[in-house]
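Chains as they are written, first to last, in this note's numbering: chain V, 7 to 316; chain D, 7 to 316; chain W, 7 to 316; chain F, 7 to 316.
In case anyone wonders, no lab produced these hints; they're calculated from the structure. Treat each hint with caution, since some may be false.
Stated by the list, open to error - To give a feel for the contact side, a few chain F residues facing chain V, derived at Cβ under 10 Å:
no.	residue
1	Asn21
2	Ile23
3	Pro24
4	Arg118
5	Ala127
6	Pro141
7	Lys142
8	Gly154
9	Leu171
10	Arg204
11	His242
12	Thr310
Bear in mind the structure is a predicted one, so any value in this text is a computation, not a measurement. By construction, the Cβ of each residue, glycine as well, lies at the ideal position given by its N, Cα and C atoms.
Single-letter residue listing:
4 protein chains.
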Amino acid sequence: MGLGGEKTAGANGANPIPTGRVTAPGLEKLLYECFPVLDHGFVRVIDYMGDDSAIVQAARVSYGRGTRQFSEDSGLIRYLMRHRHSTPFEMCEIKFHVKLPIFVARQWIRHRMANVNEHSARYSVLDGEFYVPDPKHLAAQSGANRQGRGAVLEGAEALQILEWLRADAERCYDHYLAMLNEDSSGAKLHAKRKGLARELARMNLTLNTYTQWYWKIDLHNLLHFLGLRADPHAQHEIRAYAEAIMQTVSRWVPLAFAAFQDYRLSAATLSAPMLAVVRRMLAGETVAPAESRLSKREWAELMTVLGRAP
Amino acid sequence: MGLGGEKTAGANGANPIPTGRVTAPGLEKLLYECFPVLDHGFVRVIDYMGDDSAIVQAARVSYGRGTRQFSEDSGLIRYLMRHRHSTPFEMCEIKFHVKLPIFVARQWIRHRMANVNEHSARYSVLDGEFYVPDPKHLAAQSGANRQGRGAVLEGAEALQILEWLRADAERCYDHYLAMLNEDSSGAKLHAKRKGLARELARMNLTLNTYTQWYWKIDLHNLLHFLGLRADPHAQHEIRAYAEAIMQTVSRWVPLAFAAFQDYRLSAATLSAPMLAVVRRMLAGETVAPAESRLSKREWAELMTVLGRAP
Amino acid sequence: MGLGGEKTAGANGANPIPTGRVTAPGLEKLLYECFPVLDHGFVRVIDYMGDDSAIVQAARVSYGRGTRQFSEDSGLIRYLMRHRHSTPFEMCEIKFHVKLPIFVARQWIRHRMANVNEHSARYSVLDGEFYVPDPKHLAAQSGANRQGRGAVLEGAEALQILEWLRADAERCYDHYLAMLNEDSSGAKLHAKRKGLARELARMNLTLNTYTQWYWKIDLHNLLHFLGLRADPHAQHEIRAYAEAIMQTVSRWVPLAFAAFQDYRLSAATLSAPMLAVVRRMLAGETVAPAESRLSKREWAELMTVLGRAP
Amino acid sequence: MGLGGEKTAGANGANPIPTGRVTAPGLEKLLYECFPVLDHGFVRVIDYMGDDSAIVQAARVSYGRGTRQFSEDSGLIRYLMRHRHSTPFEMCEIKFHVKLPIFVARQWIRHRMANVNEHSARYSVLDGEFYVPDPKHLAAQSGANRQGRGAVLEGAEALQILEWLRADAERCYDHYLAMLNEDSSGAKLHAKRKGLARELARMNLTLNTYTQWYWKIDLHNLLHFLGLRADPHAQHEIRAYAEAIMQTVSRWVPLAFAAFQDYRLSAATLSAPMLAVVRRMLAGETVAPAESRLSKREWAELMTVLGRAP
């Protein structure tokens with residue numbers, strides 16, 4: 007599992023210590039536990055702050071008497087989520103240890119409102135682990151959608167691609183070690199060679215090489231991340247991580263997570279022209295796409311949302 | 007102590023619960039405890055994530071073998087602080103409940119890298135508490151420094167000012183309640199009046215009225231806040247809060263706090279022209295201010311740093 | 007109009023200078039021009055970077071061949087807005103000079119992703135200008151909604167409130183000057199008094215006192231601000247500023263602004279349970295509120311969005 | 007030069023247009039001009055907002071009468087830089103088009119306070135350009151410093167490394183095209199193959215492959231970036247970009263840049279124990295490293311700063 011995995015500084019999972027802080031019993035059980043993702047990756051929770059009650063507490067500080075009408079936490083949390091009152095959700099924080107391919111890390115890091123400590127190949131030698139897709143995820147380029155995937159590749163084409171991915175990553179990694187003048191145990195290869203600086207040698211690695219980081223984020227920004235990355239349009243590989251993270255969030259803040267599912271993940275935003283179409287349809291009118299002010303793609307999206315055939 | 011004070015949702019200070027997370031024993035003792043600040047304000051810790059070991063852990067993930075030379079946590083933390091490797095410090099988070107005058111809140115909020123839930127006077131009626139300075143802090147405007155304070159005011163001038171501050175705040179608050187058509191117990195004053203909207207009535211309050219908020223921030227940004235607000239040039243009132251916060255930080259992350267004192271609070275940045283002066287002085291030269299490329303003010307600052315008479 | 011108004015450093019509005027940068031002709035005409043807001047406030051554009059074409063350009067760098075299908079800028083911008091591809095909108099930046107009451111400034115500053123330089127009452131003496139609502143905006147507290155306004159106040163109650171607002175602000179301001187030992191021209195009042203430090207005297211001012219700031223923000227974050235602050239649920243006073251700003255944005259980036267109106271301002275997000283109701287209604291079913299899984303308030307909101315009586 | 011290079015939407019460099027905005031004459035001349043960096047990279051300025059006068063203007067809004075003592079802009083800007091009054095510098099903004107190797111992009115992106123639109127390999131096919139270091143920068147790993155470089159490699163070892171870097175990048179790129187089932191002109195290779203999705207094929211590329219982005223940042227954060235990345239401890243490759251950027255900043259805001267050089271780039275921060283040593287030395291004492299409270303490394307750093315032999 008690599009660095010940080012075997013011995014986690016300060017971890018007392020085996021030996022719980024009493025705390026006066028809020029605890030989330032559902033998440034305590036999952037602390038430090040690895041959720042496997044892709045072929046060599048994982049997600050695990052290292053630490054957290056707050057739970058559903060911390061969201062409610064922050065809201066009650068802000069809105070004071072305005073929250074009395076919500077006799078139960080669930081109703082208040084759903085109200086906050088629905089009206090995009092985001093600051094109470096920022097009062098919860100979580101820290102993950104993640105192992106992921108570099109090309110996924112490059113997408114992930116675009117979420118700027120988080121704290122990151124990544125394993126640095128300037129200081130250390132990376133492990134020789136690479137992501138090679140499961141054959142059932144080896145998809146063709148979509149013809150319709152420039153960012154999407156089409157049918158799964160098969161036969162000789164698929165075999166050839168998997169072979170290239172594996173062989174190129176391995177050759178590049180072997181040369182990386184050879185440039186460093188190290189073997190896989192860290193021993194010197196050639197007594198007379200000096201070895202290239204690590205900060206330079208790393209550039210020979212392929213983008214499916216695995217890296218690791220600690221990633222810390224507040225619940226509001228985490229839900230924003232999940233809203234984008236657990237979406238069907240997200241790339242399969244980052245979505246696999248989003249799904250593993252959702253398993254931890256559902257145990258950590260079950261009320262907030264349920265509200266997130268209803269008001270974000272399974273919700274739809276209808277534009278002004280879309281709303282006009284819906285109103286006409288509800289009034290019994292048959293609306294033709296051509297007179298809807300919607301593009302073909304928007305029309306198709308609307309019909310999907312409404313559960314109708316395009 | 008106002009809202010949130012008596013009953014803290016989820017707090018189990020009296021009844022500690024076992025956790026697998028990292029705990030900071032020194033801070034556990036202070037959880038929820040009020041540190042009084044100014045005449046009616048306070049700071050108290052509501053929650054935290056991480057401790058000194060979490061900084062070390064994050065650094066070891068990042069720098070891997072590069073951290074082996076630091077056999078002890080203290081040495082590594084001092085190295086990180088000195089070289090401004092800020093991301094490991096971002097892995098610790100703390101949440102405070104603060105009661106503070108509005109004019110202090112306005113300075114404080116300029117630190118953007120934090121999460122805030124403030125008591126909203128749009129939703130609730132504020133308490134009638136105002137900051138009136140202790141007579142020994144009732145300072146005149148500095149003649150030399152436009153943002154500074156001069157000598158303490160005395161006699162009739164001081165008495166008059168204290169009286170205005172008290173009477174104006176009270177009158178404005180009484181009218182605020184009257185506009186809301188409420189008495190201090192929340193009961194209606196005039197049966198036939200409707201009462202002004204809270205979001206409007208609040209504008210009649212003075213800037214020394216107390217407000218409250220939950221404030222959550224990571225350790226790196228907190229130390230940046232303290233570096234600016236615990237500085238002798240900071241306004242006395244916000245500095246009083248910074249000093250109360252420092253008492254909690256010193257128990258939370260004692261190694262990081264000691265490094266912060268040496269490398270930030272008590273350190274000095276010398277500009278290129280200042281360094282040139284120091285080198286000449288060390289070479290035995292007597293440097294005259296006029297030939298130092300330093301402004302009068304810079305010269306005075308340098309002499310203070312060097313422990314010499316200007 | 008106060009500081010910064012008469013002479014704007016570097017402004018060459020009267021004397022345009024050739025530039026190789028992108029220019030937005032519609033906004034050039036409005037540069038430095040004051041849009042009055044409330045009784046003494048204003049908004050004016052000081053500077054800007056980019057226009058609609060800069061959004062398109064950034065998208066084409068990102069998506070490359072993926073943008074070829076959009077032969078026109080308008081289609082591409084609408085696509086980006088609809089799919090919440092926010093980074094191209096971050097490539098445009100605008101800077102405003104705003105004069106606003108302090109209680110509005112306190113709401114405004116909660117939008118953290120912006121740059122601010124506020125007139126500091128630590129360094130300078132504030133002008134004696136206060137916001138007093140127009141009688142037609144002097145609203146009662148709403149009974150139904152804790153953050154809302156009810157009917158407009160009338161008669162003796164209204165007169166009394168306006169009088170208090172005016173008199174309290176003036177008395178507080180007069181005492182502020184007296185504490186500083188200055189008259190309104192800046193001359194010393196009493197030869198023997200020292201005057202209180204500015205940083206302390208300011209606390210005697212009321213929250214309807216006007217302040218000023220320079221505010222710089224990118225287009226993505228500005229549209230987020232407008233989405234919240236031009237909303238009917240926003241407080242009237244900040245909404246007045248949002249509306250003035252919208253006048254400038256519509257001339258600056260007309261295509262992005264039109265997309266914002268369709269996909270944000272006049273759009274509606276329907277939760278999973280709301281979508282279920284709509285689908286049933288479209289299938290010809292009569293749905294009773296009680297069996298909708300929606301709260302009363304959510305039901306009412308949905309009916310409003312669908313243009314039906316609740 | 008790749009996409010965005012030949013035709014820049016909205017660019018009117020050849021055909022300047024009058025603007026009422028502040029202009030920076032020194033930078034106007036450099037607009038859109040490529041500064042070559044490394045073997046295939048570049049930096050060029052696409053747009054900017056503000057200049058030295060905009061910093062001064064923002065400071066005068068904030069500090070009002072407090073800035074009168076600075077009769078000249080230069081003095082005020084130096085004062086702001088020295089006292090870390092950072093908000094006036096945030097009022098200037100600049101936008102660059104940068105072409106850079108992916109491993110450099112991964113370091114660069116850690117500066118979160120900026121806006122980025124990167125060329126996406128999910129949507130488009132990347133060009134086959136790779137960074138291969140100039141032989142004089144092909145450095146060995148430093149023995150003393152885990153993040154540093156040692157002597158330049160020579161002879162067979164160097165030749166072998168350069169050959170591996172070139173051949174591995176090319177082979178990986180050729181296979182990338184083959185996976186996409188495209189030749190370098192974009193034509194289909196095999197009529198019967200579907201081609202792998204772009205978002206997957208990109209993972210076969212090496213980290214020295216060039217990418218491109220638009221990068222927009224305010225002057226305060228840009229100077230922070232330059233302070234870290236133009237430092238001798240920064241990796242040579244990113245430093246090359248920092249140096250190209252400094253050439254543009256020096257023409258854009260010459261006063262701020264000169265202050266930055268004196269108070270940041272060529273300044274040194276001395277810790278409390280370091281200052282104690284300097285004071286003793288100035289008092290004529292001979293201080294032995296062992297009784298200095300400084301680590302060996304700190305002692306060496308201090309001696310370097312003081313221009314003395316360690």
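Ascending list of hint numbers which this structure does not respect | 1, 2, 3, 6, 7, 12
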